[in-house]
Amino acid sequence: MGRFSGEGPRSACIVGIGETRYAKWGGMADRSEFSLACDAILAAAADAGVDPQDIDGFASFSDDRNEPSILQTALGTRVLRFASMVWGGGGGGSCGALAHACAAVESGLARCVVVFRGLCQGQQFRFGQFHPWTPHGALLAPFGLFSPPQMAALAAQRYRHLYGTTPEQFGRVALACRANAQRNPNAVMRGRPMTMDDYLASRTIASPLKLLDCCLESDGACALIVTTRERARDLAQRPVAVLASQGCEQHWGTGIIGAHAMPDEIYATGNGRTMAAELFARAGLSPADVDVAQLYDAFTITVMLALEDYGFCGRGEAGAFMDAGHGDWPNGKLPLNTSGGNLSEAYVHGLNLVVEGVRQMRGTSHSQVPDAEVCFASGAAGVTPTSAAILARM
Amino acid sequence: MPYLPNDQLRPEPSIDDAPFWEGCRARELRVQCCADCGRHRHPPTPRCPYCQSANLRWEAVRGPARLYTWTEVHHAAHPAVRGRGPYVVAVVEYPEMGGVRVISNLVDAAAPKIGAELALFWDDVGDGMWLPRYRGAGG
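So the sequence lines, in the order shown, correspond to chains G and X.
Counting from 0, one number per residue, gives the positions in the first sequence under numbering that gives the first Met the number 0.
Counting from 0, one number per residue, gives the positions in the second sequence under numbering that gives the first Met the number 0.
A portion of the hints provided could be inaccurate.
[Stated by the list, open to error] Chain X is faced by these chain G residues, among others (derived, beta-carbon under 8 Å): (1) Ser34; (2) Gln149; (3) Gln156.
[Claimed, not checked] Facing chain X, from chain G, some residues (calculated, C-beta under 7 Å): (4) Gly143; (5) Ala152; (6) Leu153; (7) Ser201; (8) Ile204.
I should point out that these hints are in silico values taken from the structure, not numbers from a laboratory.
Don't be surprised by glycine CBs; every beta carbon is placed ideally from N, CA and C.
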């Protein structure tokens, strides 16, 4: 008997997780991004008890440079059956890549798919800096709109205008993540706790966003192994059930990380409302069934938008939700980003949030939520497509 | 002196948005309008988002411009603005054109107010190119 409606032996599950050490951008100068991606995939295979040569599919997002053409050589892939890339900026595709992997194993296109992200911003480029292939960039750059924090700031400004959200309420998101990072040995910000005064005193990047509203820029890689329930029986770990989706609202366009031409009625949302309703319906669950959430935290505002899109609170209520301590570990009703997230663990484009979700369902997180049975994870709010996943203990 | 440094931030027209920049050269802010259903859109796209028609015309903006949202940028994310100091990026809405929005700058507001009416002006960025920028309107 599973948590999701309609589960069967061919339903997808996550059977392995792997991570490298995480470092501030530039902290992996002696190892290539490709080498780190291989390490994470091999660690996930070892965790699962899967022969890495039996991985027959690769799924990633955001133009990950570690293409299957080079990975299948390094990993000795016997038969490559599936290779997919989710379009879309930033981490919008993290759970989307997971959705592809699930679809591949459930349809029989592939048997054992790895979802991975390798990202060395020190070796490549920093996302916090302008790069010319930003969607609609030609219409933005002449006006000095270059980088994701500036673009997210535009959404945050109007959100605050509409709902009266206070700086301290945004700060609660950053503080929750930083507190969780103190218990995570692999978190870049472990050993650097944060107070509300620290948050409020941090310099403005693009108003209203401060430095401590913004995620880290990191070097590292992580991976998850996806297969079917029936194949999981022979493997090393207790599997974690998964349902994942991609989504976008009508006329959202390039959205927050783009031209800001979204319809007025949904401007200060995260582009995930329709997808969220459909995902919960597929699972036969509601937001009230979720015990712990890993919400994509490129910026504090993206967590607020996700809380509302996915139905954990009403529109405009995320500030009050955080004020009430609902997002805090261990006593909040929905502890958030229990590894520290993109804000305080590392920026591995949010796939590290999904890895932490699997730990929660295994009962092995450093900030374990007691008796957690259902975890919600999301890709970056506001980009197209965004994505989300529901994980469940089996 | 234009509002932002000029050297690395020139418009780079593409096939899809070239008429927008031609309008800027003529100091007329133009957005696409569907020739079949009459709805406006921006950024430019080869098909109407509402009826998928390929028939389009470019129309000059009309009616009041209002501040939809804004940010004061302090951290220079591009070498061209290093040392420039804070500047304001504005999302500007034209309510009488179906709420079509453009990204621009607000050059004179100490405390920008969402919903405030703005006045368009043309900023000379050289070589015959002008950029649409905004000031507070009146008072």
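Quick rundown of the hints versus the structure:
no., hint, verdict
1, Ser34, "violated (29 Å)"
2, Gln149, "holds (6 Å)"
3, Gln156, "holds (5 Å)"
4, Gly143, "holds (5 Å)"
5, Ala152, "holds (4 Å)"
6, Leu153, "holds (5 Å)"
7, Ser201, "violated (11 Å)"
8, Ile204, "holds (4 Å)"
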